[in-house]
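Chemist: Just so you know, the sequences run in chain order A and B. Each residue of the first sequence is one higher than the last, beginning at 0 in numbering that gives the first Met the number 0. Each residue of the second sequence is one higher than the last, beginning at 0 in numbering that gives the first Met the number 0.
Hints listed in this document are in silico derivations from the structure and should not be mistaken for laboratory results. Being a predicted model, the structure only gives us computed values, none of them experimental. Ideal Cβ positions, reconstructed from N, Cα and C, are used throughout, including at glycine. Worth double-checking, as some hints may not be accurate.
[Stated by the list, open to error] Dumping the calculated PhoX-like pairs for lysine-lysine here, alpha-carbon to alpha-carbon at most 25 angstroms:
hint, chain 1, residue 1, chain 2, residue 2
1, B, K167, B, K210
2, A, K195, B, K195
3, B, K314, A, K34
4, B, K168, A, K168
5, A, K196, B, K195
6, B, K196, A, K196
7, A, K21, A, K195
8, B, K196, A, K195
9, B, K195, B, K238
10, A, K195, A, K215
[Unchecked claim] What follows is a set of in silico ranges between Cβ atoms, one per label pair, in the way DEER data are often shown:
hint, chain 1, residue 1, chain 2, residue 2, range
11, B, H231, A, P241, 35 to 41 angstroms
12, B, T46, A, K295, 36 to 42 angstroms
13, A, E132, B, A39, 50 to 56 angstroms
14, B, G254, A, K167, 24 to 30 angstroms
15, B, K167, A, D267, 21 to 27 angstroms
16, A, G193, B, K258, 30 to 36 angstroms
17, A, K168, B, N22, 28 to 34 angstroms
18, B, H231, A, G193, 18 to 24 angstroms
19, A, P241, B, P72, 45 to 51 angstroms
Protein chains: 2
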Amino acid sequence: MDEVPAVRENFADQLIAAIKRKNSCVVVGLDPHFKLIPDAIKQKFSTFQRQNLEYAARIILEFNLQVIDLIAPLAGVVKPQIAFYELYGWWGIWAYAETIKYARQKGLLVIGDVKRGDVPSTAEAYADAHIGEVHIDNIVETPFAADAVTVNPYLGADSLLPFLQTAKKQNKGIFVLVKTSNPGSGEFQDLMCGGKKLHETIAEKTHAWGKDLMGKQGYSAVGAVVGATFSHEISTLRKIMPAAYFLVPGYGAQGATAKDIAHCFNPDGLGAIINASRSILYAYTFSHWREKYGVKGWKDATREAVLKMNEEIRKIVIN
Amino acid sequence: MDEVPAVRENFADQLIAAIKRKNSCVVVGLDPHFKLIPDAIKQKFSTFQRQNLEYAARIILEFNLQVIDLIAPLAGVVKPQIAFYELYGWWGIWAYAETIKYARQKGLLVIGDVKRGDVPSTAEAYADAHIGEVHIDNIVETPFAADAVTVNPYLGADSLLPFLQTAKKQNKGIFVLVKTSNPGSGEFQDLMCGGKKLHETIAEKTHAWGKDLMGKQGYSAVGAVVGATFSHEISTLRKIMPAAYFLVPGYGAQGATAKDIAHCFNPDGLGAIINASRSILYAYTFSHWREKYGVKGWKDATREAVLKMNEEIRKIVIN
Chain A
0 MDEVPAVREN FADQLIAAIK RKNSCVVVGL DPHFKLIPDA IKQKFSTFQR QNLEYAARII
60 LEFNLQVIDL IAPLAGVVKP QIAFYELYGW WGIWAYAETI KYARQKGLLV IGDVKRGDVP
120 STAEAYADAH IGEVHIDNIV ETPFAADAVT VNPYLGADSL LPFLQTAKKQ NKGIFVLVKT
180 SNPGSGEFQD LMCGGKKLHE TIAEKTHAWG KDLMGKQGYS AVGAVVGATF SHEISTLRKI
240 MPAAYFLVPG YGAQGATAKD IAHCFNPDGL GAIINASRSI LYAYTFSHWR EKYGVKGWKD
300 ATREAVLKMN EEIRKIVIN
Chain B
0 MDEVPAVREN FADQLIAAIK RKNSCVVVGL DPHFKLIPDA IKQKFSTFQR QNLEYAARII
60 LEFNLQVIDL IAPLAGVVKP QIAFYELYGW WGIWAYAETI KYARQKGLLV IGDVKRGDVP
120 STAEAYADAH IGEVHIDNIV ETPFAADAVT VNPYLGADSL LPFLQTAKKQ NKGIFVLVKT
180 SNPGSGEFQD LMCGGKKLHE TIAEKTHAWG KDLMGKQGYS AVGAVVGATF SHEISTLRKI
240 MPAAYFLVPG YGAQGATAKD IAHCFNPDGL GAIINASRSI LYAYTFSHWR EKYGVKGWKD
300 ATREAVLKMN EEIRKIVIN
């Protein structure tokens, strides 16, 4: 059971409030990479007899809790990527669920980066699991209780409808994969279909789906994943989906800079949240921070990495 | 740790051997629907103080184990749909992992219907989780250890490469979503892009990806999901991907008949496996079987539903 107040606003309004509260458009990607977790954390679990999935999951969770405490004053949104939890089996999924619970207790919004998509009856199960509720006899449970999820549109509108309906009912958000940040994303997403690129068609649909979930501040609870690594596509997508919040991966370790993401924002200074994972969580492994803080100063490195990113993005947001 | 012999064949060869051993092209979809699980199973857990996620997951697992025992002599492949396990949180994922383990102990091949797809570094985590292995310090674990998984191609070839590499290294299989069985699948999948439908382009790529993972019997470890509900598309796809095994959903409860799926098979009588979930697992809820066996006879209904489906498909396979 989660800690969120009973009366909730539209997800877009919650998101804008979180951004303004922290004066930050940064999303901290909670992507556990076991090898990169500081030894200081691992040593707490040195009494474990065997380095099994439970051992890894408990270390990951402890790391996440410390990171959340660190970044909660500096950023309003976290995004755990579920793949890096599935990697540790059901123990990993336990850590994923506990991470979401703790982040929400700390007042953070949580985007579950699950990229799910399936036929309608199956999509309904995913939506209920991640942003909805499940009924077991007369009991209601909220298995993961994220504030929003990412979804894959390849199966068509009927496959996304359960997510849209659940988001509307529960005041949650969804982010549709429109143009992803990987180098090969153009292979299918940029195919010309009827005079426009496939991802532009999906952007048009995303805009249309979002009309039924508008918040009070002109933004929709239906957002879009738009990779920062393709800055030339962003302006077009901004025009097609003026009311969609963009979830922008690729900043930092993936190579995109603040300049690249300038066009993600609307003239009101809103409309985009920028994700960074490795460059924040494992800042202490980057030579610049390592020299300054050493391994023992990983928390200082992480804190300063968020502050620096906040500052870089504030500079380019026109408001 | 799984029970599969150390030396494994190409997944397509394992699949063909399983089909021939059981004389069955049926895939039993292990999709738990809590409400439909017979009361006789639920009563075993009546001492539970609260109907929570653990309670549901334990009932689901018990049901699956009994179903696996029932169908193992009659079919060679099972396909748990992970969404229906995620619905019960990490307890549900525990039931998913235990289900796979038990099915493989019983000599069944397991296709994890996960439809994952993400940017390359993330896709690698998914591939390792579901068909590969994870290294924790000096220990190697196989978190889910399915024999094959379904994958979503929307992010492009680079996003599927980790699955292809892992499948090759571990002799596992993947099934690429080409044309899905939902009514709205045509919205994007049938868009005309450069003179052909998007799903035909993806079929061509699937054929190409599969060339590097060919088994000894002319089939590839890279298969395709092709919905039985679109029988007019199937013949074209069969020609584009002659060496791909088709995983065909939509039989039974989704409305496709044996005739619809006839064109999924090659002239050698191979090339397709046909999934049914609700019409087998919950056969006792369909009026025909309910009248014959009643609620208490759910096992007889399930057994006979598999036998009947085996027979229906054998009739239309030309060999």
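Chemist: Take the hints in turn and mark each one as holding or not.
Modeler: Results of checking the hints against the structure:
no.: 1; hint: B:K167 to B:K210; verdict: holds (11 angstroms)
no.: 2; hint: A:K195 to B:K195; verdict: holds (15 angstroms)
no.: 3; hint: B:K314 to A:K34; verdict: violated (54 angstroms)
no.: 4; hint: B:K168 to A:K168; verdict: violated (45 angstroms)
no.: 5; hint: A:K196 to B:K195; verdict: holds (14 angstroms)
no.: 6; hint: B:K196 to A:K196; verdict: holds (14 angstroms)
no.: 7; hint: A:K21 to A:K195; verdict: violated (38 angstroms)
no.: 8; hint: B:K196 to A:K195; verdict: holds (14 angstroms)
no.: 9; hint: B:K195 to B:K238; verdict: holds (14 angstroms)
no.: 10; hint: A:K195 to A:K215; verdict: violated (32 angstroms)
no.: 11; hint: B:H231 to A:P241: 35 to 41 angstroms; verdict: holds (39 angstroms)
no.: 12; hint: B:T46 to A:K295: 36 to 42 angstroms; verdict: violated (50 angstroms)
no.: 13; hint: A:E132 to B:A39: 50 to 56 angstroms; verdict: violated (27 angstroms)
no.: 14; hint: B:G254 to A:K167: 24 to 30 angstroms; verdict: holds (29 angstroms)
no.: 15; hint: B:K167 to A:D267: 21 to 27 angstroms; verdict: violated (50 angstroms)
no.: 16; hint: A:G193 to B:K258: 30 to 36 angstroms; verdict: holds (33 angstroms)
no.: 17; hint: A:K168 to B:N22: 28 to 34 angstroms; verdict: violated (47 angstroms)
no.: 18; hint: B:H231 to A:G193: 18 to 24 angstroms; verdict: holds (21 angstroms)
no.: 19; hint: A:P241 to B:P72: 45 to 51 angstroms; verdict: violated (59 angstroms)
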